[in-house]
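Q: Mind docking chain C on chain W? Use the hints.
Number of protein chains: 2
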Amino acid sequence: MTEWWVNSAERIGADLYLELSGPGGRRAALTRALREAVRSGRLAPGTRLPPYRSLAADLGVARNTVADAYAELVAEGWLTARQGSGTRVADRADHRADHRADTLRRAVRTPAKALLRARAPRHDLRQGRPDASAFPRAAWSACYRRALQAAPSEAFGPGDPAGRRELREALAEYLARARGVRAEPDRIVVCSGFAHALRLLFGQGAGGVLRGPLGLEAYGLGFHRGLLGTAGVRTVPLPLDEHGARVDLLGRERAVLLTPAHQFPTGGPLHPERRAAVIDWARARGAVVLEDDYDGEFRYDRKPVGALQGLDPERVIHLGSVSKSLSPALRLGWMVLPERYVEPVLAAKGEREGWASVPDQLALAEFIVSGSYDRHVRRMRQRYRRRRDRLVAALAEHAPHVEVTGIAAGLHAVLRLPPGTEQSALKAAAWQGVAVDGLAAFRHPEAETTAGDGLVVGYAAAAEHAYGAALEALCAVLPPG
Amino acid sequence: MTEWWVNSAERIGADLYLELSGPGGRRAALTRALREAVRSGRLAPGTRLPPYRSLAADLGVARNTVADAYAELVAEGWLTARQGSGTRVADRADHRADHRADTLRRAVRTPAKALLRARAPRHDLRQGRPDASAFPRAAWSACYRRALQAAPSEAFGPGDPAGRRELREALAEYLARARGVRAEPDRIVVCSGFAHALRLLFGQGAGGVLRGPLGLEAYGLGFHRGLLGTAGVRTVPLPLDEHGARVDLLGRERAVLLTPAHQFPTGGPLHPERRAAVIDWARARGAVVLEDDYDGEFRYDRKPVGALQGLDPERVIHLGSVSKSLSPALRLGWMVLPERYVEPVLAAKGEREGWASVPDQLALAEFIVSGSYDRHVRRMRQRYRRRRDRLVAALAEHAPHVEVTGIAAGLHAVLRLPPGTEQSALKAAAWQGVAVDGLAAFRHPEAETTAGDGLVVGYAAAAEHAYGAALEALCAVLPPG
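Protein chains in written order, with my numbering: chain W, 1 to 481; chain C, 1001 to 1481.
So that you can see chain W by itself, here it is in the shape it has in the complex (with noise of 0.2 Å):
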């Protein structure tokens, strides 16, 4: 058997692989061998074949015999020629049919579940999405460009676990002058976002740089908890009231995992003597506090709380990312950690960089230095505070007796439903085509307190464009006053 690697890229934009072998000689193999590539779909239908001449020199053989196996293939359906266009794959239908049926189990089948995660819902009203459409593609590209025309070649090789650290400087001054944060670019570690954070935090095994048990809100994502119990890490639901989290009941947990600035879902704020509390306790139990700021820049009725981490940076890990601020395809967070859990976490990552995108941390970087960053945030600001005033405009209009909690910040509002109505609201919901969230979801499995009936409403995920048709929709699947 001959492997042939044909190098004809710069003619046909493309390497091409071919074995030739078997009986009858070299045209005869390299008619297979081509009709097989056709056949298998390794040539794609209308790709282009490189001349006679470049794949007759590449192969090391005669001209004529290149063009004997193109004509016999043109003769046989699997190519065709024109004039100008040169010989190209044809665009045949019963070559997919052909592969199918001798691949047989290796059919290609979307799987349900595949369809199901790539269908968009008609009205999108769910939380924990700013808007897509509002990615500002012309800066970041220009950013990204110019951060890698300036970058060193290192950047280029392994990444440092710790994060690029042109990023971390951007981020300590961003975090300091926006959040209040206490950073310095070296307590800061950059991660793929929140959850990447809680698996470095809490590892697996005896590898974890912290350990449970871990108090937690009694309402939050359940993909958080999940992933920690996962960690094999047990969780202790604090109830909630109008201040916040009841964390006057912390006692031997090791951590408290918060959403201080805007609790997940529910909506209010850390009252300030809770803050301080939980700071006591803290220092007092020697444990950490960690700050899930998710959307601590997002606050439409007065400046944002600062940062928890501010109180004491020796007691409380700080975690954001650009998933709610810019979007959560670029996969970036950070840790701004208490300078003891800097090692540790760097021993977590590992020795070289395996998440996060160095070109993308450079980005950001740049995106932040050159002020797009604020830019940006700002002008989401305005749009999701317009947003969020016409969710309750139209509640108020059409459905007054749904009442909108939670402080006027972030990028989603609860919606508090008459008892026992939660279920029936989120059937409609399905059936208008309405993708919204309820309470009940988000609801610790061992809280004792509940939240009761509502749901959670994200008004910055839709389009503007299709955010009008979305609160319609939403009001007509409301339980009636």
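Heads up, a few of these hints could be off.
[To be verified] Below are the SDA-like pairs computed for lysine to any residue, each with C-alpha atoms no more than 25 Å apart in a straight line:
#1 K303/W / H224/W
#2 K1303/C / A56/W
#3 K1303/C / D68/W
#4 K1303/C / V61/W
#5 K427/W / H444/W
#6 K1303/C / R53/W
#7 K303/W / A276/W
#8 K427/W / T405/W
#9 K1303/C / P51/W
#10 K303/W / A393/W
Since the hints were derived computationally from the structure, they do not count as laboratory data.
A: Just chain C, lined up with the frame of chain W:
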């Protein structure tokens, strides 16, 4: 307040962000801004500042304004000016002290490990690294921009854990053409690289897609063994001989991990009969073969051997990444899976893409489809081939008793050393600033055989201009013949 973004990157190797504000005119503002940049560490000791004229042009101020500001800061000891080397940030211990006094408990202390990480070796002959200086910045940035422009809005929302369809289609076509992989887009799952793939496949606890015991080549990356150990997977070393891994010794293992195209690190291909035999074993036992195709694109003496996966796509998981072909900084890899593993792997990955940057995925799709990937691989193939030839020539001249083994392929070669000399060669190398690995470091701790003494020389890592000196330094540390 006026903010100035100083694009003097080509001149000082770094962009400089200055805020000119406050009382006293531009000279005073510039002096303050520069002082603050040095004091805070944003301008690191030793950094070269832009020439007067450049900074003046960038800031739109008179040249004398810059000259005066520099002079004042030189007088204060923040900067140093030396004939011929321009103006630089002074290496003054008390900058740091000053900064410390300011920030008290938040003092910046670069941990020793971080310093170690950051320091580049004088002569870089480390394996597993492509030439970072050859990253195609312009072509990649252009693809990134085009891909972002063309992307639908939903690309900036939460990502499909399978990876972007654009990328999976591009990979399916490329892998079929270039590596003989029988891939369909729906069988491909995008990930952050090989280690991420291993983590997804072997998971932790009950969540794993595959289970051990896992057969491994007796020589390989300790990092992979460690990762599998953490996941609780028992690994069984397979001895290596001149035909590659002794797959005939496989018995009750449930899976085997191989580097069939180019054994890492010893450098041979898996013999065709062994390729067939391992597939037979997997079929007979219901086991699966993991094909680590880490450098399959780089073969210099002939066409690359096609992927093992082509022999039986239902028995082989084909794993690849851009880490060797393009850059490990991108964190993009892929798995081509037997159909039965697709859904379990997606379930292990989670409901949304939590890892691989979606913009980078789109950029890679465009990079492949536009032919840039082929062009880059071809260019690097030529470069690395020349490097290997130079290594062989240098050894023939300066150390003819040292044999280079393994096929002409990949990014590394193995230098066989006389018995008992590996450790002393490594010490000499460290002493001379030559970063290179010894063969023993790759040996499975339970391996019953040894591949003898040797050095694993990565000839790709160094920049083009630095390679000659690295070779010279290497020859100087080899044991005498």
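Q: Please go over all the hints and tell whether each is borne out by the structure.
A: Hints, one by one, checked against the model:
1. K303/W / H224/W: Given pair K303/W, H224/W is violated - Cα atoms ~28 Å apart, limit 25 Å.
2. K1303/C / A56/W: Distance ~16 Å between K1303/C and A56/W Cα, so the pair holds.
3. K1303/C / D68/W: Given pair K1303/C, D68/W holds - Cα atoms ~24 Å apart, limit 25 Å.
4. K1303/C / V61/W: 16 Å, holds
5. K427/W / H444/W: 22 Å, holds
6. K1303/C / R53/W: Roughly 19 Å between the alpha carbons, so the hint for K1303/C and R53/W holds.
7. K303/W / A276/W: 20 Å, holds
8. K427/W / T405/W: The given pair, whose Cα atoms are some 22 Å apart, holds under the 25 Å limit.
9. K1303/C / P51/W: This hinted pair holds, its Cα atoms lying about 20 Å apart.
10. K303/W / A393/W: 23 Å, holds
Consistency with the previously given hints fails for number 1 only.
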